[in-house]
Structure formats: C-alpha cells, structure tokens
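Protein chains in written order, with the working numbering: chain A, 1 to 199; chain B, 1001 to 1199.
Keep in mind that the hints were calculated from the coordinates and are not lab data. Careful, some of the hints might be misleading.
Said to hold, decoys possible - Pairs of lysine to any residue, SDA-like flavour, derived with a Cα cap of 20 angstroms:
no., chain 1, residue 1, chain 2, residue 2
1, A, K143, B, V1179
2, B, K1050, A, Q182
3, A, K50, B, S1028
4, A, K50, B, Q1182
5, A, K40, A, R8
6, B, K1143, A, Q182
7, B, K1050, A, R22
8, B, K1050, B, S1028
9, B, K1040, B, G1026
10, B, K1143, A, V179
11, A, K50, A, H25
12, A, K143, B, S1028
To be verified - Chain B is nowhere near these chain A residues, computed Cβ spacing over 12 angstroms in every case:
no., residue
13, T7
14, R10
15, D35
16, E80
17, Q126
18, C162
Every residue gets a Cβ at the ideal spot worked out from N, C-alpha and C, and that includes glycine.
Next come the chains, spelled out residue by residue.
There are 2 protein chains.
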Amino acid sequence: MPTLAPTRTRLLQVASIRLAERGYHGTSLAAVAEDVGVSKQALLHYFGSKALLYRAVLDQLGQDLLQMLFSAMQDGQSAEQQLDSFFAELTARAVQDPWLPSLLLRVLIEDREAESGDAALPLPLQDFLEPLIAVIQATERLKGASFAQALATALHLLGGACLFPAAQAGLAQRFGPVVVEQLRDISLTQIQALRATRQ
Amino acid sequence: MPTLAPTRTRLLQVASIRLAERGYHGTSLAAVAEDVGVSKQALLHYFGSKALLYRAVLDQLGQDLLQMLFSAMQDGQSAEQQLDSFFAELTARAVQDPWLPSLLLRVLIEDREAESGDAALPLPLQDFLEPLIAVIQATERLKGASFAQALATALHLLGGACLFPAAQAGLAQRFGPVVVEQLRDISLTQIQALRATRQ
DNA sequence: ATAAGCACTTACCAAGTGGTAGGTTGAATG
DNA sequence: CATTCAACCTACCACTTGGTAAGTGCTTAT
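Model the full assembly from the supplied sequences, consistent with the hints where possible.
Right, dumping it as structure tokens:
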C-alpha cells in the first residue's frame, strides 16, 4: 500500500536535505531530480517552480515542527514540562537528521532567500513560531514579561538546540569525530539545563 | 592618502556582505563587481577565482574575530573577564553589522560550501576558534572539563551572540521593527548573564 | 471503444554563470 | 625614451540554470 504520490514525497525529502546542506541557490532542480531518479521535469510537474518547491519544503518543515510542539503540549501539564518535552524531541531528531536544524537556522538567518514576487504570502514557519512563543510566555518565569523577552528566549532555545547538530559535520572535520561524539552526549542533556537557567 | 588597493578592500567588504546575505552559490561575481562599480574582471584580477574570493573573505573574518579576541584578552585579567569583554564587543559589532554573525553562522553550519580541490588547506576560522576555546578552558568553571565541554560552551556562546543579529532582518518582517528593537536591548545585556550561568 | 487525466518523458531555449584572452591606460623605473 | 607593471577594460566562451513545449504510456471514467 504505497502512500499517495510516493515520488512527490521522495522529492520533498531529497529537496529538504539538499536545501539544508547547500542552500536555495546552491540546490539545482536537476540535482534533486537525479538523486530521486526522475527527470527534472517530473519535479516541475509536482511543484511548478523552484520557489514553490522551496515553499513546500518549508511548509513541510513547519508542519513537522508544529506537530512536535503539539505532541509535546499533550505530554506535559506545565508550560515548563511542555518546553522540556518539545526541545528534548527536537534535539533528538536534530542530532540524527542534521538537515532539520540546518534548514531551520537557514530560514531564521536568511532574508528572502527565494524571492517570490507575491509579497503578501505568509512567512515560512510563522505558524510554528507563534505557538512556540505562546508556550514560552506561559512559563512561570516569563508570566509578566514582554513579547520581546519571550522571543529572545525562543531564539536562545532554538539556537541552543540547533546549532550543534547543524554544525556537526563541519566540527567533525575541525576537531575529529571523537570530540563530536562526546559533544553529542553533552548536547542531549544540555537543553533541559538551559531552560531552567535564567537566560 | 588612500589605503593600499582601496578597490580591493571595497570588493572584500561588498563580497562579505553579499556572501553573508545570500551564501556562496547565491552570490555572483558580476553582482559584487557591479556593487563596487568595477567590472567582473577587476574582481578576478584581485582574487583569481570565486573560491579564492570566498577564502579571502573568511580569512578577513577570522582575522577580525581574532583581533577582537586578543584585544579582549588584554582587557581583562581573568578568563571570565576576557570572555565577557570579547562577547560584549562581538555582540555590539554584530548588532550593527549583521553580515558578520550571518557569515560566522554560515561557516559553522555549511559543510564545504565552496569546494576547493585542495583538501589540505586549513579550515576557515580555525585560527580564531582554537584560542577562543583555550580561553574558555581557562575559565574557573571549566578548569577540569573536557575539550568537548569547552567546545560546547563556545558553540553556545557564539550561537547566543550571533543568532539574533543574524536573524534581525527576518524577525523585523515577522514581528515588526518595534519588537526587534526591544530584542536588541535584551540581546546586548543577555550575553553577560549567559556566561555566568551553568550552560 | 473512447475520452480524460495523471505521471511522467525527451527536446529545447534564453538567461546567467565562472573563467579566459587579449587588450588599454597611466604611473614608476632603467 | 623604452620598458615594465599594476589596474583595470571589452569581448568572448563553455557550461549550467530554471523553465517551456509537446509529447508518451497507463489507468480510470463514461
């Protein structure tokens, strides 16, 4: 029982990885298509254009993150527990799927990587960021704090969770795989401590 | 009294900004040259090739960061004070020159953005990262800790200092310039608190 | 049987890419 | 005065890019 349009799904997966690794401009449609084993025009058949492919990848990423957040919100009772649960799962996934944190950081860093003439369309990941900030604002420590304060915390937590996994490959080249392996263990326990401290 | 080769310097500046904003593959030699007001071949005259231009930009970034670190090491007596001084200056510069943190994060995230056939040439920013880690290892809290622990702290501090400035422009679009302005103030005071906490 | 539509394919194109070849200019040097 | 050299320039090239046109084969609905 194949899922609906398995080729489309595979294209989306491969495109996510390549876009995370090499960025929008560094990823060619032909390369993605070749990886999957179809023609470039098959890709355009499903996604219409490169910009729309990128949009689809980011939408998928946003949905994945949002689902992780919702699932975490059902795990814990307090906002603190929910955050713990979410970032634990994010870190776990990020360490083994490094393209996820890479893509997330790229989206945060990059300003208008893919220019889409239509300026009115929603910003990617916005549907994930807003509820995440809401959870942070529900935290005891940030009950009366400003929105900016919550946003700063969100950035801090996301950065802490994503930077190491995204940098993993490069760090292995710099300092050797052994150090990176130790670093991975540290990273997995670090995130809980992070939340508990005063940022 | 113009400095030596002012055109080269301007090319390097403009290339830094464009490479930070749009990445290696998103930056064309023609665009950089046009921004400066010279021909593409003038650029190639100075740097030889795109990969060498990229290398020159990263070398310049590494030197800038290293100089900031050395200057900070003369400011303070203890390793803690030195770190404080360095990250305070880094954050200050990063907030007003967003291309700097963007480029730094890109280098950390991106694995082999510009393939240079010669595999033996040194990794960019390595000359900055190693002394930075050394200072961190000299900290009281990390006196007996592993190298990986110090590296984790370095990543954490760099992420905390660079993520907001790099994301600044995008965040202004998402949440409005007012919030970003508040966030800037928070960011400037946050980094000291960061060092003091358990990471 | 046939029409429709999905899931692709090959063939092609205009624009842009990094890079080369071969100048030209003007100042410094012998 | 002749030469050399850095600092550019115009013209061009091979190649890749995203995207279009026009099919082909296969399944499904009528």
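Broken hints, by number
2, 4, 12, 17, 18
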